[in-house]
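Undergrad: Go by the hints and put chain B onto chain A.
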Amino acid sequence: QKEVEQDPGPLSVPEGAIVSLNCTYSNSAFQYFMWYRQYSRKGPELLMYTYSSGNKEDGRFTAQVDKSSKYISLFIRDSQPSDSATYLCATRGGYNTDKLIFGTGTRLQVFP
Amino acid sequence: EPEVTQTPSHQVTQMGQEVILRCVPISNHLYFYWYRQILGQKVEFLVSFYNNEISEKSEIFDDQFSVERPDGSNFTLKIRSTKLEDSAMYFCASNPQVGGGTQYFGPGTRLLVL
Chain A
54 QKEVEQDPGP
64 LSVPEGAIVS
74 LNCTYSNSAF
84 QYFMWYRQYS
94 RKGPELLMYT
104 YSSGNKEDGR
114 FTAQVDKSSK
124 YISLFIRDSQ
134 PSDSATYLCA
144 TRGGYNTDKL
154 IFGTGTRLQV
164 FP
Chain B
11 EPEVTQTPSH
21 QVTQMGQEVI
31 LRCVPISNHL
41 YFYWYRQILG
51 QKVEFLVSFY
61 NNEISEKSEI
71 FDDQFSVERP
81 DGSNFTLKIR
91 STKLEDSAMY
101 FCASNPQVGG
111 GTQYFGPGTR
121 LLVL
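Residue numbers (the working numbering), protein chains in the order written: chain A, 54 to 165; chain B, 11 to 124.
To be clear, the hints were calculated from the coordinates, so they are not data collected in a lab.
It cannot be assumed that every hint is accurate.
Simulated restraints on C-beta separations [as the list claims (entries may be wrong)]:
(1) B/Glu-63 x A/Glu-56: 24 to 34 Å
(2) B/Arg-32 x A/Tyr-148: 39 to 49 Å
(3) B/Asn-62 x A/Leu-64: 40 to 50 Å
(4) B/Leu-94 x A/Glu-98: 22 to 32 Å
(5) B/Gln-107 x A/Glu-98: 11 to 21 Å
(6) A/Tyr-92 x B/Thr-86: 36 to 46 Å
(7) B/Asn-61 x A/Pro-61: 50 to 60 Å
(8) B/Gln-107 x A/Asp-131: 28 to 38 Å
(9) B/Leu-49 x A/Ile-71: 46 to 56 Å
(10) B/Gly-82 x A/Thr-150: 25 to 35 Å
It should be emphasised that the depicted structure is a prediction, and the values quoted were computed from it without experimental measurement.
Don't be surprised by glycine CBs; every beta carbon is placed ideally from N, CA and C.
So that you can see chain A by itself, here it is in the shape it has in the complex:
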């Protein structure tokens, strides 16, 4: 079983739509969850970082963690063409490690 699973997409939505991006993870020891945005041939850019179950909001972005079902989500409201990128979910691999474990990424395209 893969540690972090993510639908690779692509996901294509019209400008202004609400986007929902999702990941599942396998290990209940995972405690910290991040969402990164990666533009083509660029480095991952940290968008959201959460620890506990529940929602965390930052502008148009909301990260949601459900530890009971090992499910994490990123919602983007009022999506813009500039949001077109690959979105990577990641988790810290446990209490005794700093390494991040990434999903495959979901490619999002927002068309005008």
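TA: Chain B only, in chain A's frame:
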């Protein structure tokens, strides 16, 4: 806003040659990492580094790889004898503290081994 920088942006080398990839982490950060991303695949952890020594390394990080912080600002990844399968994007990241997930990534070095 401070950011992680990496040089070179692209590197082409012949199989068997040594390469050094350079990174300047964010200045007040204490924890440094290298990751790689083979084209079309996941970002994979290679190594973490703190207080001038390796904290953790993955199975990928074998004896061909080494890391160093030669001065107060640079952090380098050396591949001693490159293989074709080392072709990838290499990302440096830094973190102000251990125990969290706030790793900030550089723009990457695209390495092509011929």
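Undergrad: Now look at each hint and say whether the structure bears it out.
TA: Going through the hints against the structure:
Judged by the Cβ atoms, the range 24 to 34 Å given for B/Glu-63 and A/Glu-56 holds: they are separated by roughly 26 Å. At roughly 32 Å, the beta carbons of B/Arg-32 and A/Tyr-148 sit outside the given window of 39 to 49 Å. Take B/Asn-62 and A/Leu-64: their Cβ atoms lie about 43 Å apart, and the range 40 to 50 Å holds. For the pair B/Leu-94 and A/Glu-98, the beta carbons lie near 30 Å from each other, so the given range of 22 to 32 Å is met.
For B/Gln-107 and A/Glu-98, the hinted distance range of 11 to 21 Å is satisfied, since their beta carbons lie about 19 Å from each other. Judged by the Cβ atoms, the range 36 to 46 Å given for A/Tyr-92 and B/Thr-86 is violated: they are separated by roughly 25 Å. Hint check: B/Asn-61 to A/Pro-61, Cβ distance near 38 Å, so the stated range 50 to 60 Å is violated. At roughly 33 Å, the beta carbons of B/Gln-107 and A/Asp-131 sit within the given window of 28 to 38 Å.
At about 31 Å, the beta-carbon gap between B/Leu-49 and A/Ile-71 misses the expected band of 46 to 56 Å. The supplied range of 25 to 35 Å is met by B/Gly-82 and A/Thr-150, whose beta-carbon atoms lie about 26 Å from each other.
Checked against the numbered hints above, the structure violates hints 2, 6, 7, 9; every other hint is satisfied.
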